[in-house]
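S.K.: For reference, the chains in residue letters:
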Amino acid sequence: DAMVIQNPRYQVTQFGKPVTLSCSQTLNHNVMYWYQQKSSQAPKLLFHYYDKDFNNEADTPDNFQSRRPNTSFCFLDIRSPGLGDAAMYLCATSSVVPPYEQYFGPGTRLTVT
Amino acid sequence: DAKTTQPPSMDCAEGRAANLPCNHSTISGNEYVYWYRQIHSQGPQYIIHGLKNNETNEMASLIITEDRKSSTLILPHATLRDTAVYYCIVRVRNTDKLIFGTGTRLQVFP
Numbered sequence: 221d222a223m224v225i226q227n228p229r230y231q232v233t234q235f236g237k238p239v240t241l242s243c244s245q246t247l248n249h250n251v252m253y254w255y256q257q258k259s260s261q262a263p264k265l266l267f268h269y270y271d272k273d274f275n276n277e278a279d280t281p282d283n284f285q286s287r288r289p290n291t292s293f294c295f296l297d298i299r300s301p302g303l304g305d306a307a308m309y310l311c312a313t314s315s316v317v318p319p320y321e322q323y324f325g326p327g328t329r330l331t332v333t
Numbered sequence: 006d007a008k009t010t011q012p013p014s015m016d017c018a019e020g021r022a023a024n025l026p027c028n029h030s031t032i033s034g035n036e037y038v039y040w041y042r043q044i045h046s047q048g049p050q051y052i053i054h055g056l057k058n059n060e061t062n063e064m065a066s067l068i069i070t071e072d073r074k075s076s077t078l079i080l081p082h083a084t085l086r087d088t089a090v091y092y093c094i095v096r097v098r099n100t101d102k103l104i105f106g107t108g109t110r111l112q113v114f115p
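From first to last, the protein sequence lines are chains Y and W. Numbers given in the numbering used here equal positions in the first sequence, counted from 1, plus 220. Numbers given in the numbering used here equal positions in the second sequence, counted from 1, plus 5.
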């Protein structure tokens with residue numbers, strides 16, 4: 221089945237130690253998204269790619285970066301994780317034709333120690 | 006900012022219909038309404054979408070008012086596994102973005 225895959229499902233990193241989260245898709249969708257979801261809150265969009273065009277949300281901290289080397293893969297890099305960056309990170313994809321629905325991966329739960 | 010408003014929580018008895026309302030009074034003519042749900046510690050799951058007409062699939066029905074300013078998601082026979090947070094979302098106009106509101110926490114009880 222076509223799907224959005226996130227690895228790992230659980231990631232533990234130390235305060236200040238760079239960490240990379242991975243997302244891949246078999247849907248061949250043009251658009252890929254990264255969301256941050258903290259406990260008991262709704263997902264918050266960090267940034268997205270339309271093909272190779274990167275679109276950052278205005279309030280996304282500089283500590284968060286992303287790479288999309290090809291259509292299938294997208295990475296979230298946290299350069300210096302703080303305790304406040306502990307959250308679920310969700311990757312999603314969508315096509316560029318109506319109805320544009322997004323498909324989400326299972327998420328990576330990041331713990332910062 | 007989210008363009009939808011939903012009640013924060015609802016209860017429903019197992020086997021009964023769950024009717025989840027959503028207001029989207031600023032929706033424009035060509036914007037879709039999407040419904041997703043999120044079961045604890047999982048990624049959001051797409052349920053259904055609509056533009057103008059009522060829609061039904063194997064998971065739910067979506068009723069959209071004629072003026073398109075509100076909609077209702079109907080789970081016809083709720084089960085305990087339908088306990089989740091349900092998000093009603095309107096795509097941000099002229100962008101690729103969905104901005105989540107606070108959603109409705111549906112609790113299905115035996």
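Check each hint, because a few of them may be wrong.
[As the list claims (entries may be wrong)] Each computed EDC-like pair below joins lysine to aspartate or glutamate, with the alpha-carbon atoms no more than 20 Å apart:
#1 W:LYS102 <-> Y:GLU277
#2 Y:LYS258 <-> Y:ASP279
#3 Y:LYS264 <-> Y:ASP297
#4 W:LYS8 <-> Y:GLU321
#5 Y:LYS237 <-> Y:ASP282
#6 W:LYS102 <-> W:GLU36
#7 Y:LYS258 <-> Y:ASP273
#8 W:LYS8 <-> Y:ASP273
#9 Y:LYS258 <-> Y:ASP297
#10 W:LYS8 <-> W:ASP72
#11 Y:LYS272 <-> Y:ASP305
#12 Y:LYS264 <-> W:ASP101
#13 W:LYS8 <-> W:GLU19
#14 Y:LYS258 <-> Y:ASP271
#15 Y:LYS272 <-> Y:ASP297
#16 Y:LYS264 <-> Y:GLU321
#17 Y:LYS237 <-> Y:ASP297
#18 W:LYS8 <-> W:GLU71
#19 W:LYS8 <-> Y:ASP297
#20 W:LYS74 <-> W:GLU63
#21 W:LYS57 <-> W:GLU36
#22 Y:LYS264 <-> Y:GLU277
#23 W:LYS74 <-> W:GLU36
#24 W:LYS57 <-> Y:ASP273
#25 W:LYS102 <-> Y:ASP271
#26 W:LYS8 <-> W:ASP101
#27 W:LYS8 <-> Y:ASP282
#28 W:LYS102 <-> Y:GLU321
#29 W:LYS74 <-> W:GLU60
#30 Y:LYS264 <-> Y:ASP305
#31 W:LYS102 <-> Y:ASP279
#32 W:LYS57 <-> W:GLU19
#33 Y:LYS272 <-> W:ASP72
[What the hints assert, rightly or not] Here are some of the chain Y residues that sit facing chain W, going by a computed Cβ distance under 10 Å:
#34 PHE235
#35 GLY236
#36 PRO263
#37 LYS264
#38 LEU265
#39 HIS268
#40 TYR270
No wet-lab data here; the hints were simulated from the structure. The beta carbon of each residue, even a glycine, is placed where N, CA and C say it ideally should be.
S.K.: So, against the hints stated earlier in the document, which numbers end up violated here?
M.R.: 7, 8, 11, 13, 14, 19, 20, 24, 27, 32, 33, 34, 35
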